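**Student:** Take a look at the letters that make up each chain.
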Amino acid sequence: MNGVTVEARATAAGPVRDLPTTPKRPRRRPGQWKRLGWVLFFLLPSAIPLFVFTLIPMVSSLWVSLHQWNLISPMKWVGFGNYANLLGDEMTRRVFLHTLIYVVGYLPLVYVGGLLLALALNQKLKGRSFLRATYFLPVVTSWVVVALVWKWLLNPTNGLVNQVLGAIGLPEPGWWTDPQWALPAVMLSSAWKDLGFVMVILLAGLQAIPGELHEAAMVDGSSPWQRFWRVTLPLLSPSTFFVVVISLINGFQVFDQVYVMTAGGPAGSSQVVVGQIYDLTFRYGRAGEASALSWILFAVILLITVVQIRGQRRWVHYA
Amino acid sequence: MRDTRSLPARLALYAAVLVGAAIMLFPFLWTVITSITPEGSLADGPKLVVDDPTLNAYRTLLDAIPMWRIMLNSLGIAIASTVLQLVTGAMAAYGFARLQFPLKNVVFGFYLATLMVPLQVLVVPLFIEMKTLNLQDTYFALLAPTIASAFGVFLLRQAVTAVPLELDEAATIDGAGHLRIFTTIVLPLIRPALATVAVFAFMGSWNSFLWPLVVIRSPEFMTLPLGLSTLQGQFTTQWDVVMAGSVVSIVPIAVVYLLAQRHIIAGVAHTGIK
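Residue numbers (my numbering), protein chains in the order written: chain A, 600 to 918; chain B, 6 to 279.
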């Protein structure tokens, strides 16, 4: 601790005469309690709720995951048994596979769609802010509403989408009633909802690209196609990175729209990890396994995020 | 940038963005149309122009669930959680950015740790905690996990750090204490960050589904997403009623959105730029 900071702190905490002359015994400092009081005043309003409603549940979730428990009878210690069971379980593999299929289908849809919209809105265009607001509207709509509206649009018998497909002579899928089409139905509706979010992030990224770079490339005789691949896309990579990281984190936690549209069905064909956590706890009374599964999911998300952050040096260019 | 594009290229661009807008808007329009189509004509799908529009679905809806109460619940909880997150977040941000105390980094590390853990990990023990405290099925239970958000603290701390320290020092010389510096100097200067946090807090609460689904049983404490999802079970094939419920829950947020659209979009865009 050097003299400058001590002085600065003394000024911040009170008059200079409170300055401690013997810093060896900090407990006796006259301003100390007052200063601690301010720290508590500013931090406790957030620290107490975070401790009680996040940190304690976090630790007890770990504790529960080491037990067999149906929420009612006493807990039975099983050590890492839940984890071992889950990792060897066919069901776990299936719910992770479904979640992965969802993410792999959803991410390109939402990224390419969002990028096209962002590129279009980055042009000189009449009614640009109206269009931007329109594309963003689904983002502020709740997942449950989006899922219900799309469940109706994708209704196999009298939904709008199949009526249109039928009218132009295309096959009419069973969507959420068909094990083959249940996950694609969820992907489509999720991409529709998140398109505006991705567009806004990418548009902000596009607008941060200096115009001179495009002009320089144009002077060099490049085609618009070349400029897109060589200038726009590389300079957009920080925004792309943000979108990919956020989409993967949210994608692996997908639940609301699946619960509403398919409830994991038909025949478990669209059951995702969080849906399985919910069912294990509240339908099958296997809270221990549910907690263990939630930690496995957390580990997977953490791993994927860390790998992306490590790997960003290869393709993300910060201007 | 000068508009160097040819006329066909420009027309194609407009056509593309308008088709995009139609894809985004049409589902909302279809929801309204379905909700006013008589139940009997739904079997072949509703028509774009409804022959004999009716508000029957809305009447059925209001009889089935306490819709007004549910809407007020959603609004009240969203506002309360936004205000609480702003207050607790801004205070913590000031504490971390401006006060010195032992183990500050460790404490901040704990805050960040809570940020990383997804809600799904917490749902089971949080539910048990609420049950033990006999708080399940209450407004407090709905609010509890959103009183403070580490995300808000993190974002606001960045903003407070960006406020020049000289301003604090000048105020200190004028005899201002922490509370005065916080309320009259720091808070006004971090308004954009506060707006961003407010947008995320409000949308997060308004759209939250998993936690209410777990902790709320009685219709009178339900929020809109939960209330709507119960409709689906009651009216499996009555899409007019389900769509009426969707319309009722879209309208308030759409109004808020139309009024604050610029700020909301700017707030979201702000998080993407480092």
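It is worth saying that the hints were derived from the structure and are not from the lab.
Bear in mind that the values here come from a model prediction, so they are computed numbers and not experimental data.
You may find that some hints are simply not true.
[Stated by the list, open to error] Listed next, with one range per pair, are the computed distances between beta-carbon atoms:
no. : chain 1 : residue 1 : chain 2 : residue 2 : range
1   : B       : 106       : A       : 658       : 20 to 26 Å
2   : A       : 633       : B       : 171       : 51 to 57 Å
3   : B       : 196       : A       : 865       : 49 to 55 Å
4   : B       : 49        : A       : 884       : 19 to 25 Å
5   : B       : 167       : A       : 910       : 45 to 51 Å
6   : A       : 707       : B       : 21        : 27 to 33 Å
7   : A       : 658       : B       : 223       : 27 to 33 Å
8   : B       : 144       : A       : 905       : 37 to 43 Å
9   : B       : 88        : A       : 817       : 47 to 53 Å
10  : B       : 57        : A       : 833       : 54 to 60 Å
11  : A       : 899       : B       : 224       : 32 to 38 Å
12  : B       : 57        : A       : 671       : 22 to 28 Å
13  : B       : 88        : A       : 700       : 38 to 44 Å
For every residue, glycine included, the Cβ atom is placed at its ideal position computed from N, Cα and C.
**Student:** Does each hint fit the structure? Answer for all of them.
**Tutor:** Hint check:
Distance hint check for residue 106/B and residue 658/A: the Cβ-Cβ separation is about 24 Å, which falls inside the suggested range of 20 to 26 Å. Checked against the hint of 51 to 57 Å, the pair residue 633/A and residue 171/B fails, with Cβ atoms roughly 23 Å apart. For the hinted restraint 49 to 55 Å between residue 196/B and residue 865/A, the CB-CB distance of approximately 50 Å keeps it satisfied. For the pair residue 49/B and residue 884/A, the supplied restraint of 19 to 25 Å is violated, since their beta-carbon distance comes to about 44 Å.
Hint check: residue 167/B to residue 910/A, Cβ distance near 30 Å, so the stated range 45 to 51 Å is violated. Look at residue 707/A against residue 21/B: about 19 Å separates their beta carbons, and that is not inside 27 to 33 Å. Hint check: residue 658/A to residue 223/B, Cβ distance near 30 Å, so the stated range 27 to 33 Å holds. For residue 144/B paired with residue 905/A, a C-beta distance near 38 Å keeps the hint of 37 to 43 Å intact.
Taking the beta carbon of each, residue 88/B and residue 817/A are about 50 Å apart, inside 47 to 53 Å as hinted. Between residue 57/B and residue 833/A the Cβ separation comes to about 58 Å, which falls inside the hinted range of 54 to 60 Å. At roughly 36 Å, the beta carbons of residue 899/A and residue 224/B sit within the given window of 32 to 38 Å. Taken as a hint, the range 22 to 28 Å is violated for the pair residue 57/B and residue 671/A, whose Cβ atoms sit roughly 53 Å apart.
Distance hint check: the CB atoms of residue 88/B and residue 700/A are about 40 Å apart, consistent with the given range 38 to 44 Å.
Hints 2, 4, 5, 6 and 12, counting from the list given before, are not met by this structure.
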